[in-house]
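Protein chains: 2
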Amino acid sequence: MSRSTPGRLPALNPRAMRITPLGGLGEIGRNMTVVEHAGRLVILDCGVLFPEEEHPGVDVILPDFSSLAGRWKDIDAIVLTHGHEDHIGGVPYLLRERPDIPVVGSRLTLAFITSKLTEHKIVPKTVEVAAGDRRKVGAFDLEFVAVNHSIPDGLAVAVRTPAGMIVDTGDFKMDQFPLDGRLTDVRHLSRLADEGIDLFLVDSTNAEVPGFTISERDLSPAIGEVFASTRRRVIVSSFASHVHRIQQVVDAAAAHGRKVGFVGRSMVKNMRIAQELGYLTVPEGVVVEPDKLDKLPDHQVTFVCTGSQGEPLAALSRMARGEHQIEVGEGDTVLLASSLIPGNETAIYRVINRLTDRGARVVHRGNARVHVSGHASAGELVYLYNTLRPRNVMPIHGEAKHLRANGDLALSTGMAPENVVVVRDGAVVDLMNGKVKVVGQVSAEEVYVEDGVVGRTDERLLAQRRALRDGGVVTVVAVIDSTAGTLAEPVELLSTGVVHAADAQGAVDRSVRTALSKATPATLTDTDALDMLVRRAAERVLRRRGGPQPVVVAVTVEA
Amino acid sequence: MSRSTPGRLPALNPRAMRITPLGGLGEIGRNMTVVEHAGRLVILDCGVLFPEEEHPGVDVILPDFSSLAGRWKDIDAIVLTHGHEDHIGGVPYLLRERPDIPVVGSRLTLAFITSKLTEHKIVPKTVEVAAGDRRKVGAFDLEFVAVNHSIPDGLAVAVRTPAGMIVDTGDFKMDQFPLDGRLTDVRHLSRLADEGIDLFLVDSTNAEVPGFTISERDLSPAIGEVFASTRRRVIVSSFASHVHRIQQVVDAAAAHGRKVGFVGRSMVKNMRIAQELGYLTVPEGVVVEPDKLDKLPDHQVTFVCTGSQGEPLAALSRMARGEHQIEVGEGDTVLLASSLIPGNETAIYRVINRLTDRGARVVHRGNARVHVSGHASAGELVYLYNTLRPRNVMPIHGEAKHLRANGDLALSTGMAPENVVVVRDGAVVDLMNGKVKVVGQVSAEEVYVEDGVVGRTDERLLAQRRALRDGGVVTVVAVIDSTAGTLAEPVELLSTGVVHAADAQGAVDRSVRTALSKATPATLTDTDALDMLVRRAAERVLRRRGGPQPVVVAVTVEA
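Keeping their order, the protein sequence lines are chains A and B. If you read the first sequence in UniProt numbering, its first letter stands for residue 1, the second for the next number, and so on. If you read the second sequence in UniProt numbering, its first letter stands for residue 1, the second for the next number, and so on.
No wet-lab data here; the hints were simulated from the structure. Check each hint, because a few of them may be wrong.
[Claimed, not checked] Below, in silico cross-link-like pairs of lysine to aspartate or glutamate (DMTMM-like), each with a Cα-Cα straight-line distance of 25 angstroms or less: (1) A:K259 with A:D218; (2) A:K437 with B:D357; (3) A:K437 with B:E330; (4) B:K437 with A:E330; (5) A:K435 with B:D291.
[Said to hold, decoys possible] For each label pair, taking beta carbons as the anchor points, the in silico distance ranges come out as: (6) B:G359 with A:P342: 15 to 25 angstroms; (7) A:H299 with B:W72: 52 to 62 angstroms; (8) B:S373 with A:E119: 43 to 53 angstroms; (9) A:R232 with B:Q505: 52 to 62 angstroms; (10) A:R544 with B:I122: 18 to 28 angstroms; (11) B:Q505 with A:L411: 51 to 61 angstroms; (12) B:S373 with A:D100: 53 to 63 angstroms; (13) B:K73 with A:D528: 57 to 67 angstroms.
[What the hints assert, rightly or not] Derived coverage of chain B by chain A (criterion: at least 3 residues anywhere in the stretch with Cβ under 8 angstroms from a Cβ of chain A; other residues may be distant): (14) 45-58; (15) 251-264; (16) 347-357; (17) 434-445; (18) 473-482; (19) 553-559.
C-beta atoms are modelled at their ideal positions from N, C-alpha and C, and glycine is treated no differently.
Can you build the whole structure from these sequences, using the hints too?
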């Protein structure tokens, strides 16, 4: 994330467009880009980032909306390129600010966001579009291009204004044999290129990966093999939005005479939506309620569940711990048909090891070809740059290393350095006369949601929790006779998460007594000052013990 | 790790050997195996495991020595297969129990452990051995076989007793073109096999990886390319024990007219040892003190430093954060010539991104062939099983999934299931007449070292720290008039790491008053009971707020 200090921005030239990425540049997740022209705004995607170890207690991390303050009425639309959480998860929080912002997206994307908004008790104003559509929304002339990704119905979006045309690929790859036959539409992109793409915002996730991402279809043999070779039940875990992967699993199950039960709230909900809208095709009678599977012999059973990232509360983790009604054991195969999102490795390996300990065979991307990425590799990106010859390229959707690798790919196709804009969240980029320029920086902090509440949890609070995690807490209770300036009784230490704090009682007591003996009358009559005196006296002693330092809470009571 | 309950063990038959793995089976790290015969013990390796997210505050994790209680005098030796921390890191703690246990190992291994023990103020009784040696140590007839690994001078060890022969591979691979020409000695192992290997303990780390691990030598082109293409400084980070990798870096630096400075305490120390003992060969004048490099032009400079796993206090992480005197920037290349140990991904990627943000090019195993594993892949393991035809195989050194995969490889070569022993730490395996049998289980808990102190930190304490991390802490101060059974003043809430705890003050106050009004006289006069009453009353209120639950500390004071 960028930590540059936001400053005053120059006024936007009426003949220019302004592009402000507020998420997804420097980390993968909470993607969001604001496009401005002639006083009007359109927002491209609004996702969330999932918290890591350094964010204890945080549910999700939002983009920083603060640069939109005073501009809510100027927003013509939110355009969603596809239905993944890192592109749509922030919409409920955006719509809290102004619920009637039109939400533009494809059929499946709108179904997913509408379902999510229902949980937030928001009824969105939706505008359904399809690949090939061109539509004026406020000040912006939008055109939608089919792209292939790890969720169906993804769109790239072209935004035209009198100042030029930008194209945002969204997340995409160029699978030449997609399960649904829906290719990333290079001919459509070529028509846009003929007109001239002034700024091309391009998915950077796999820019470091050489060559071409293999086809989703190439997973069929390994998935089929799992079904062919499993004596008892097959339990598949994948992303609840990966409709094509689930389609392959359903097809393989049907081909091997097995029934399928969906397990886990989001899996059940998404597959219902996908089936209703025709994105998931289920042969008659193959999908049944999970409890019906209990009555079938094991070799006719398939469960498809959530938890492929080792989420502790998801179905798969609970099975691994033996805390789920589905008891995994000898003869069962667990298929993790999913990626390994960086940061989740430890959790996923723990689940794999626990399932192995229960006797199950675990098939995962580490030992079989059962997953392929949803993002274009370096070869595909270069192919696009050479085909489309955009005037300027801005890598999006990646950590710093991915953005740089993607920028390097653009340069390798002969683009001039001034036409490749590698920036971080909050950078303000103006486009005029086909030229781009970074003109400033707006706030792009991490905004934490905890228990549904936005922005109350801050970095100071997280630092306190991390300190508590590392060192525990010692509460020092001091009953003070402030007239005499002494302790009325020995200090008491209460500790949580600290090794043998009680050992330090005597030394803390002496330290507090010494500090009290030197205290001024002003300190002795000021509760806050007394608290601080006791806390510091205790910290001095505890620091000498070495090791992780506990947080000290002082409670002073007048005798 | 195993959590089976230890029970009473059958007496060991005088014609049998007993093998008890106390570490390394179920997780990679803290490897340790105890071998017993005729009342005497030999210990093979004694390593540490590094803590993860769920072990806040812990320095390292030791094997559980509790099953050795009362047996210390029976130990004839500790045999160290090689000098990695996960095989030698526990030795100082073992020698605290009995400092005169002979420590057996190769020259480099003994140099590394002696250096470590010096820091612990222990002078070990060492027994140097070399590949090819056969030596009687107490009741055990030991023979040492050269193996190739990511540290020089690794040994497999054969342990013969009248009850049979076991062979422990230690960590190994079968690089056919090792930099030092020291191959894993298959001919030597074959001689042992001709005699008959009753139990073969085999490194499982890469049992899931198909094919053959490529040669260390195959990294030369990519490493050379880094030096050839870098305009300014080359900064290399690798394991401080990976002498061969550092040798390649030193050679490449010399070939490109660069000097090398070692940075970081363990790197400097280990390279000094390796150079003194002749394991690292440095062309005259190539290695210099790091501060000498300041006077050279950037294109003649190479730093070799620690921190390849993203350790926050190591040199590389400090450079990435701009907190090191070596300021990394545009034109520099950082080469991470190292693996990515599971669990460290987030930290490593953060370092890579920060270095990229500073303008450096970062070359790592994700974008170039600059690292190769130190462990044998599936192809090599199968090759060994087919060549040596051991009577029994016991996979060691791996998580549950690795052990199972290794066991499956042994089965795939035609071994009978009763001859493949896949167990977890603490399993007690008896070998007699060429047959193995699991006869029981000893304690194999995780033993935590915190600030040099062994075993004080326990699971209860870690659970408290995790609770503090997730929810913070609220201290509730209640001044109670126990005679009247009421609060003498409103409760006070002090919070650390909690969102708006103060909002709950009124509700907590009411909850405590209600609880007091129902309390018995016995409770009102018992401080512990009063504390619990206040804590529970506060918890009831705070639980209703949803979200992460804070730890509540109650302080009750008599008015």
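Do at least three Cβ atoms from the region 434-445 of chain B come closer than 8 angstroms to Cβ atoms of chain A? Contact hint for the region 434-445 of chain B vs chain A: violated, 0 residues under 8 angstroms.
Mind checking the hinted window 57 to 67 angstroms against the Cβ distance between K73 (chain B) and D528 (chain A)? holds (60 angstroms)
Check whether the Cα positions of K437 (chain A) and D357 (chain B) lie no farther apart than 25 angstroms. With a Cα-Cα distance of about 19 angstroms, the restraint between K437 (chain A) and D357 (chain B) holds, given a limit of 25 angstroms.
Is it true that R232 (chain A) and Q505 (chain B) lie within 52 to 62 angstroms of each other by Cβ? At 56 angstroms between Cβs, range holds.
Coverage of the region 473-482 of chain B by chain A, judged on three or more residues with CB within 8 angstroms: Coverage by chain A holds for the region 473-482 of chain B (4 residues, Cβ < 8 angstroms).
Tell me if the straight-line CA distance from K435 (chain A) to D291 (chain B) falls inside 25 angstroms. Cα-Cα ~45 angstroms, so violated.
Quickly compare the C-alpha distance for K437 (chain A) and E330 (chain B) to 25 angstroms and report which way the hint goes. holds (21 angstroms)
Given a hinted range of 52 to 62 angstroms, is it respected by the beta-carbon distance of H299 (chain A) and W72 (chain B)? holds (53 angstroms)
Taking the CB of Q505 (chain B) and the CB of L411 (chain A), does the distance hold inside 51 to 61 angstroms? holds (59 angstroms)
Quick check: does the Cβ-Cβ distance between G359 (chain B) and P342 (chain A) fall within 15 to 25 angstroms? With a Cβ separation near 23 angstroms, G359 (chain B) and P342 (chain A) satisfy 15 to 25 angstroms, so the hint holds.
Does E330 (chain A) lie within 25 angstroms of K437 (chain B) when you go C-alpha to C-alpha? holds (21 angstroms)
Examine the region 347-357 of chain B: at least three residues should have C-beta closer than 8 angstroms to a C-beta of chain A. holds (count 6)
Consistency note: the structure conflicts with the earlier hints numbered 5, 15, 17.
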